[in-house]
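**Student:** Each chain, letter by letter, is given below.
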Amino acid sequence: MSLKTAQQYEESLRKLNLKVYLQGELVKNCVDHPIIRPSMNSVKMTYELAQDPQYADLMTATSHLTGKKINRFCHLHQSTEDLVKKVKMQRLLGQKTAACFQRCVGMDAINAVDSVTFEMDKKLGTTYHDRFTKFLLQMQEEDWTVDGAMTDPKGDRSLSPSKQIDPDLYVHVVEKREDGIVVCGAKAHQTGALNSHMILVMPTIAMVKEDADYAVSFVAPADAEGILYIYGRQSCDTRKLEGGDIDVGNKQFGGHEALMVFDHVFIPWENVLMCGEYEFSGALVERFAGYHRQSYGGCKVGVGDVLIGATALAADYNGAAKASHVKDKLIEMMHLNETLYACGIACSAEGYKTASGNYMIDLLLANVCKQNVTRFPYEIARLAEDVAGGLMVTMPSEKDLLNPEIGKVVEKYFRGIGAIPTEHRMRILRLIENITLGTAAVGYRTESMHGAGSPQAQRIMIARQGNLEQKKELAKVIAGIPQK
Amino acid sequence: MENRRISIVFCGGCNPRIDRGNVALQIQAILVARGYQIGYNSLDGDFVIYMSGCTVNCALKYNLNNQPSVVVAATSVDAVAIDEGELVSEIVMKVRDYFE
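These protein sequences, in sequence, are chains H and V.
Numbers 1 to 484, taken from this note's numbering, label the letters of the first sequence in order.
Numbers 1 to 100, taken from this note's numbering, label the letters of the second sequence in order.
The set of hints was computed from the structure by calculation and includes no laboratory data.
Just to be clear, a hint being listed does not mean it is correct.
Said to hold, decoys possible - In the DMTMM-like style, the derived pairs of lysine to aspartate or glutamate whose C-alpha atoms are separated by at most 20 Å in a straight line are:
id: 1; chain 1: H; residue 1: 68; chain 2: V; residue 2: 19
id: 2; chain 1: H; residue 1: 69; chain 2: V; residue 2: 44
id: 3; chain 1: V; residue 1: 61; chain 2: H; residue 2: 350
id: 4; chain 1: V; residue 1: 61; chain 2: H; residue 2: 81
id: 5; chain 1: H; residue 1: 96; chain 2: V; residue 2: 19
id: 6; chain 1: V; residue 1: 61; chain 2: H; residue 2: 25
Claimed, not checked - Partner residues aside, some chain H positions facing chain V, computed with beta carbon under 10 Å:
id: 7; residue: 85
id: 8; residue: 88
id: 9; residue: 89
id: 10; residue: 90
Claimed, not checked - Pairwise CB distance ranges (calculated):
id: 11; chain 1: V; residue 1: 54; chain 2: H; residue 2: 472; range: 26 to 36 Å
id: 12; chain 1: V; residue 1: 5; chain 2: H; residue 2: 397; range: 49 to 59 Å
id: 13; chain 1: V; residue 1: 67; chain 2: H; residue 2: 353; range: 40 to 50 Å
id: 14; chain 1: H; residue 1: 5; chain 2: V; residue 2: 61; range: 36 to 46 Å
id: 15; chain 1: H; residue 1: 5; chain 2: V; residue 2: 42; range: 35 to 45 Å
id: 16; chain 1: V; residue 1: 42; chain 2: H; residue 2: 408; range: 27 to 37 Å
id: 17; chain 1: V; residue 1: 5; chain 2: H; residue 2: 353; range: 33 to 43 Å
id: 18; chain 1: H; residue 1: 355; chain 2: V; residue 2: 83; range: 25 to 35 Å
id: 19; chain 1: V; residue 1: 67; chain 2: H; residue 2: 399; range: 50 to 60 Å
id: 20; chain 1: H; residue 1: 399; chain 2: V; residue 2: 83; range: 45 to 55 Å
id: 21; chain 1: V; residue 1: 67; chain 2: H; residue 2: 133; range: 35 to 45 Å
id: 22; chain 1: H; residue 1: 130; chain 2: V; residue 2: 61; range: 33 to 43 Å
Cβ atoms here follow ideal geometry from the backbone N, Cα and C, with glycine treated the same way.
Chain V on its own, in the form it takes in the complex (with noise of 0.2 Å):
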């Protein structure tokens, strides 16, 4: 279960479509379970979570780096439009995906 730090960075949250800190705290609860750590707003994790509340994705323009990573902007993960009640579970698949 080594190497897997998940950071989970916010966007500023200035016109959010949606309800990051309630997403964040699922993806958590989720992973968390699952034996990974949870950080937040730093690049240090092993994996990125990109969290911006709309399509403007200021939490990858601002911090953007190379490590391995999932963009949800607004209801987009990946730049894919999803429906909002499968937000977590597109994130968490993800995350699994890139670990599991």
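With the rest of the complex left out, here is chain H (with noise of 0.2 Å):
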């Protein structure tokens, strides 16, 4: 098959039998529930895009085992042009949404677990890189979205894996048996989860003998057995059952996250990718973070696009467009958007061959691009706020616009300049509100703040790839200090 069509991708979700919980209550039909499906058509412009001539050059690669054309989501970077290839599809797929499209993980993903089974194998003489080839030709003949789950609940934070007083608030082995083991555990902030074909766990932080049980990774069905996702409330989320389309925000896309709990899940030795080798565990973190931290400079860049054009809009709907602080803040958030893509572009472009063959980003930038992301998407919607003006959250529901007593007085109060119909500035508010403080506020605002990790995690990784030691001897130099 190679690439799956759009309608291809849903109905292949139809056919997975996922045990969900949404308030409560046990889903039926993921694929069709108000809530969810936002979330699933965001997946599926991966697939629509991927068959549109003006896109395939950004949206499709050629499969280095195969020579097939896949979709990028499916492929390993063999090249800086492949990095900076990614960058752009996460720009434009944020454009086409205004939401998480949540195929990045299983991307990102994919490209670590590559590099560093195939370095595991070659110190340690064990076969996960077979095992993994294996299983990417798989994912890309199937054109999966496959989860990348690293995040585990982690409990007492200033504790270690085996150190906490309950053993599953990290994801271990618990049984090991002559065809494969069995694991327990959960991963949280699972993105797109419920979207995916396949689930790739990983160990979330770097570990010690100790935690030897703790340093598994594997490939699994979505729907195994012994699998539960409980979904993650959004801001707004209820506005989906009302039925309306201009409440939403954004009525046709969207994003989620759910905690995925392994109740003694059994995993063939086949797709194991990790087991106890605790010494990787570490360089498997970092290299995944590492990509991921590069995939918010485009992906955030792309919402942003959206919402500065929402904000343009805004001002042009309220008649405050010639107003020169108005074209000020406008312009700066346009700088913010940029910088940061510029952030993601310069990791790309300055990326390094691994020992496997795929291509790794630059750490040190990739790290400076999410520290920004960390920072730019909040002052970006703190502007759109600013020039949007209150009404973004005063305003009345669609339903009083379309009440037959009433609407006529929404028309006349809430209208703007005379050309422009209350109803289409009520609707550009409304997507406003949705990136800043709906159901897309968390991807585009927390998601960016604690997404590939909180802020201080990539301060740490300044500290160490920012080679203080040569600026000092720079320094030195200059100023006359004798060298040692």
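Need the complex rebuilt from these two chains, each delivered in its own frame; the hints are there to steer you.
**Tutor:** Structure (structure tokens):
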């Protein structure tokens, strides 16, 4: 198959037998659930655009394994060109969905696991890389969406995995059998979990010998026996149950996260990619996080493009577009957004080849990218709210607009410039609300803060990668201080 | 009318300044009416139209070969800036200049 159509993707999800709870109830049909479906539409866009010649250069790649045309989300980066195209693809998808399109975690996971399993095998004589390559072949052939699952609940952060009161607070091996392993635990904040065909589990922190049972990586079908999902709540999510299309802000697209629980899930050996090799858990975390920090220099920028456009329209509709401070705020928003993009492109252009042959981003620049992402979307959102005005959060609902009694009142008093219908003004303000405060704010704001690692995680990496000693030597030379 | 196969090669479209798809469709309509064959995103035509949405020019950057071509990057054609409204006619003229 290699490239699924959007419809084939949707149909493939219908065949999954996921056990999902949402607001205390077991979900019978995830695909058509009004709260979940917009997130499926976002992933579906990754399939749709791959079929469109206008976007094929970014959305597709040539498999280094088979030579076939595949979706870029299933691709191992073979050059810095591939790394750059990844960021551009993410910006494109952010523009088309104004939401998290969820498929990046799988792409970042396969690229991290590829090089780490290769190096693990080389040092330890294990056979993980062959297993991984077989999985990758199937992933590319079936055009799977894969959930890269890293973040454990972590319990008491001051304690290592093996010291936790409850051993399940990190995913771990509870039994080793001749035919495979049995795992328990959970992964939190799992982006796109319900829209995925497969799960690629990785450890969440660097580990020591005592944590060997927690140093585990494997692939499993998303609907494997023993896996349970609990859907994450989002601000304003129940607006999707109201049946309208204005108040939701973005009717078609969204993102989602879920808690993924493993209750004695059996994993056959052929799907196990790390089992006790604790000394490689840190490298896996670092590489996955590095790729994912690069990702945010694309996806958040694309959503930012939509938010900036919406803000400019709000100013147009208010009749404020010519005010110099409004123009300046829009310029500042674009400056911040393009700075994020510059970081995403820079860490890609400075990438390098790993021992396994795929390409890794420049870690320092990727961490600088993500550090900026923990800040700039908040400032962009603040400026959007500034320009949009308070009406964004005080205007009546679309039901009021459509009400035969009071609709004319709403139409009359919430109109901006004469040429624009009040409904259009309400739609654009609701879109801004959606991205800055509503369901999409999960992706645009808090995920920008904590996704791919919280700000301090990047600062630690910047400290490691920053080459401070060389900077001191430079200063000594210029200042005329004798060298040792 | 042999050897008049035109390949239109798109960039990926991450931040286009022009509507690449619409420009391509207009070019296609004009050239097909004149007996040309149009293909997309392959380099096996006799003449290539590199169609990039911005000045980064990814269509050319990632697909460069030695075939005769015209390079569109945002509102420039072969590196000369023109009005957006004249894009289609300018590109068509370049194609016809080569073949006719």
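**Student:** If a hint holds in the structure, say so; if it doesn't, say that too.
**Tutor:** Against the structure, the hints:
A distance of roughly 29 Å separates the Cα atoms of residue 68(H) and residue 19(V); the hinted pair therefore is violated under the 20 Å criterion. Between the alpha carbons of residue 69(H) and residue 44(V) the distance comes to roughly 17 Å, so the proposed pair stays at or under 20 Å and holds. The straight-line distance between the Cα atoms of residue 61(V) and residue 350(H) is roughly 17 Å, inside the 20 Å bound, and the hint therefore holds. Taken as a hint, the residue 61(V) and residue 81(H) pair is honoured in the structure, with Cα atoms around 10 Å apart against an allowance of 20 Å.
At roughly 15 Å between alpha-carbon atoms, residue 96(H) and residue 19(V) fall within 20 Å of each other, so this suggested pair holds. Our distance criterion of 20 Å between C-alpha atoms is broken by residue 61(V) and residue 25(H), whose separation comes to about 52 Å. Hint on residue 85(H) holds. Least Cβ distance to chain V is approximately 7 Å, under the 10 Å limit. The interface hint given for residue 88(H) holds, since its Cβ lies 4 Å from the closest Cβ of chain V, which is under the 10 Å cut-off.
Proximity of residue 89(H) to chain V holds as hinted, the smallest CB-CB distance being about 7 Å (cut-off 10 Å). Nearest Cβ of chain V to the Cβ of residue 90(H): about 9 Å, under the 10 Å cut. The hint holds. In this structure, residue 54(V) and residue 472(H) break the distance hint of 26 to 36 Å, their C-beta atoms being roughly 41 Å apart. For the pair residue 5(V) and residue 397(H), the supplied restraint of 49 to 59 Å holds, since their beta-carbon distance comes to about 56 Å.
For the pair residue 67(V) and residue 353(H), the supplied restraint of 40 to 50 Å is violated, since their beta-carbon distance comes to about 30 Å. Range check, residue 5(H) to residue 61(V): Cβ separation about 29 Å, and the 36 to 46 Å hint is violated. Residue 5(H) and residue 42(V) have their C-beta atoms about 20 Å apart, which leaves the hinted 35 to 45 Å range violated. With their beta carbons about 57 Å apart, residue 42(V) and residue 408(H) fall outside the hinted range of 27 to 37 Å.
Take residue 5(V) and residue 353(H): their Cβ atoms lie about 37 Å apart, and the range 33 to 43 Å holds. Hint check: residue 355(H) to residue 83(V), Cβ distance near 52 Å, so the stated range 25 to 35 Å is violated. In this structure, residue 67(V) and residue 399(H) meet the distance hint of 50 to 60 Å, their C-beta atoms being roughly 59 Å apart. Between residue 399(H) and residue 83(V) the Cβ separation comes to about 46 Å, which falls inside the hinted range of 45 to 55 Å.
Distance hint check for residue 67(V) and residue 133(H): the Cβ-Cβ separation is about 36 Å, which falls inside the suggested range of 35 to 45 Å. At roughly 36 Å, the beta-carbon separation of residue 130(H) and residue 61(V) lies within the given 33 to 43 Å, and the hint holds.
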